[in-house]
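2 protein chains.
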Amino acid sequence: MKLFYAPTSPYVRKVMVTAHELGLADGIEKLPSAAHPVKRDERIALANPLAKIPAAITPEGDTLFDSRVICEYLDANVPGRHLFPAEQKARWRALTLQALGDGLLDAALLSRYEMTARPEARQWADWVQGQMTKVDGALARLEEHVETLSGPLTIGLITIGCALGYLDFRFAHRPWREDHPRLAAWYAVFAERPSMQATIPRDAS
Amino acid sequence: MKLFYAPTSPYVRKVMVTAHELGLADGIEKLPSAAHPVKRDERIALANPLAKIPAAITPEGDTLFDSRVICEYLDANVPGRHLFPAEQKARWRALTLQALGDGLLDAALLSRYEMTARPEARQWADWVQGQMTKVDGALARLEEHVETLSGPLTIGLITIGCALGYLDFRFAHRPWREDHPRLAAWYAVFAERPSMQATIPRDAS
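These protein sequence lines map, in sequence, to chains F and S.
Residues -4 to 200 (our numbering) are what the first sequence spells out, left to right.
Residues -4 to 200 (our numbering) are what the second sequence spells out, left to right.
Just so you know, the hints here were simulated from the structure itself, not pulled from any lab data.
Take the hints with a grain of salt, since some may be wrong.
[Unchecked claim] Cross-link-like lysine to any residue pairs, in silico, SDA-like; alpha carbons within 25 Å at most: (1) 34/S - 109/F; (2) 34/S - 139/F; (3) 84/F - 22/S; (4) -3/S - 86/F; (5) 34/S - 72/F; (6) 84/F - 54/S; (7) 84/F - 17/F; (8) 84/S - 184/F; (9) -3/F - 136/S; (10) 34/S - 112/F; (11) 34/F - 22/S; (12) 34/S - 17/F; (13) 84/F - 109/S; (14) 34/F - 120/S; (15) 84/F - 24/S; (16) 84/F - 34/S; (17) 84/F - 58/S; (18) 34/F - 107/S; (19) 84/F - 107/S.
[Claimed, not checked] Computed footprint of chain S on chain F, listed as stretches where at least three residues anywhere in the stretch have a Cβ under 8 Å from a Cβ of chain S: (20) 32 to 38; (21) 44 to 54; (22) 60 to 67; (23) 117 to 131; (24) 173 to 186.
Ideal Cβ placement from N, Cα and C applies to all residues, glycine included.
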């Protein structure tokens, strides 16, 4: 599988962590990309007209996006489903946890775009505040219900792990651990997984 | 199932169209909500800390979000899967089409928030342009490959239908049919489905 890739994207990281956990990482050919909300990357757009990453091209030539779809595709390609539970109750729990992590990331990304991509005179503090309230709401929910992060590995746990890793990467000035000690304890263990260690985000050199 | 609802939200419409198609619409209890990117609706946030809609509460008391998860849950509750194909190739095609429609909507919504929620002095034309380029890219891809919209009804078709309906609702000043005649012909038929007719968006009275 070919994957439009960037080492800084938390959604790409979801795919790579999933691939590592499934033993598929070596089969992924990384294609360079530079997704940006204003400067369109036409290399990506040829596959995904939204010009967002991750986007993948299967060996059969089909295009897949976004991260949820690519992760489920990878999972389905390994005998015995692993990360997307088939049993109903576990499935909705894992998928809603994934949606919570994706939503935390969407809000964090929108805040970051506001502060880094937009001219200073066009920035709006209320927008950043509104998005960061979503981030804080998600963190508070995870801290309150940290038991939802126990049990077998699912796409839900992977997404939360990548979301917290993104906060450490881009929002280090806004530490989250002190107010969320149980979540911090969970993440301290989760971040040690080889799949997470192999995918630590870094700015492109 | 209880559903945080607004008649203007295209993501809520996805859930309602899905429910109508599955014969489940009468079993949905609509809860009032007023999601907004800056003014947090604490009624929604009690269920979904991202304070976005749709969010659902199942008869067992579990919270589900976002629209993708709720739609798949509804589909799984009707014997014989309908809208989320089980066969692999059809599944990835339907889910990627859903991601394209959701991505078109995400971009359209971000444009609309820029123009309506944000003070005029803080608006940035490049941002709107960047998002609308995603919308136009998605429309062009659908026009070029309108054959992806043929075949049995899936969540992919429902999402594209709701996305086009949203453009008609909120971007009527920016007509899309003339440049996309094959897509317009497909939508003219699709929009006649009773599920679409029962869920035409309207501003809250």
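How the hints compare with the structure:
{"no.": "1", "hint": "34/S - 109/F", "verdict": "holds (17 Å)"}
{"no.": "2", "hint": "34/S - 139/F", "verdict": "holds (23 Å)"}
{"no.": "3", "hint": "84/F - 22/S", "verdict": "holds (20 Å)"}
{"no.": "4", "hint": "-3/S - 86/F", "verdict": "holds (19 Å)"}
{"no.": "5", "hint": "34/S - 72/F", "verdict": "violated (43 Å)"}
{"no.": "6", "hint": "84/F - 54/S", "verdict": "holds (12 Å)"}
{"no.": "7", "hint": "84/F - 17/F", "verdict": "holds (22 Å)"}
{"no.": "8", "hint": "84/S - 184/F", "verdict": "violated (36 Å)"}
{"no.": "9", "hint": "-3/F - 136/S", "verdict": "holds (20 Å)"}
{"no.": "10", "hint": "34/S - 112/F", "verdict": "holds (23 Å)"}
{"no.": "11", "hint": "34/F - 22/S", "verdict": "violated (45 Å)"}
{"no.": "12", "hint": "34/S - 17/F", "verdict": "violated (41 Å)"}
{"no.": "13", "hint": "84/F - 109/S", "verdict": "violated (38 Å)"}
{"no.": "14", "hint": "34/F - 120/S", "verdict": "holds (13 Å)"}
{"no.": "15", "hint": "84/F - 24/S", "verdict": "holds (21 Å)"}
{"no.": "16", "hint": "84/F - 34/S", "verdict": "violated (32 Å)"}
{"no.": "17", "hint": "84/F - 58/S", "verdict": "holds (11 Å)"}
{"no.": "18", "hint": "34/F - 107/S", "verdict": "holds (19 Å)"}
{"no.": "19", "hint": "84/F - 107/S", "verdict": "violated (36 Å)"}
{"no.": "20", "hint": "32 to 38", "verdict": "holds (count 4)"}
{"no.": "21", "hint": "44 to 54", "verdict": "holds (count 5)"}
{"no.": "22", "hint": "60 to 67", "verdict": "holds (count 5)"}
{"no.": "23", "hint": "117 to 131", "verdict": "holds (count 10)"}
{"no.": "24", "hint": "173 to 186", "verdict": "violated (count 0)"}
Comparing the model with each earlier hint shows violations of hints 5, 8, 11, 12, 13, 16, 19, 24; every other hint is respected.
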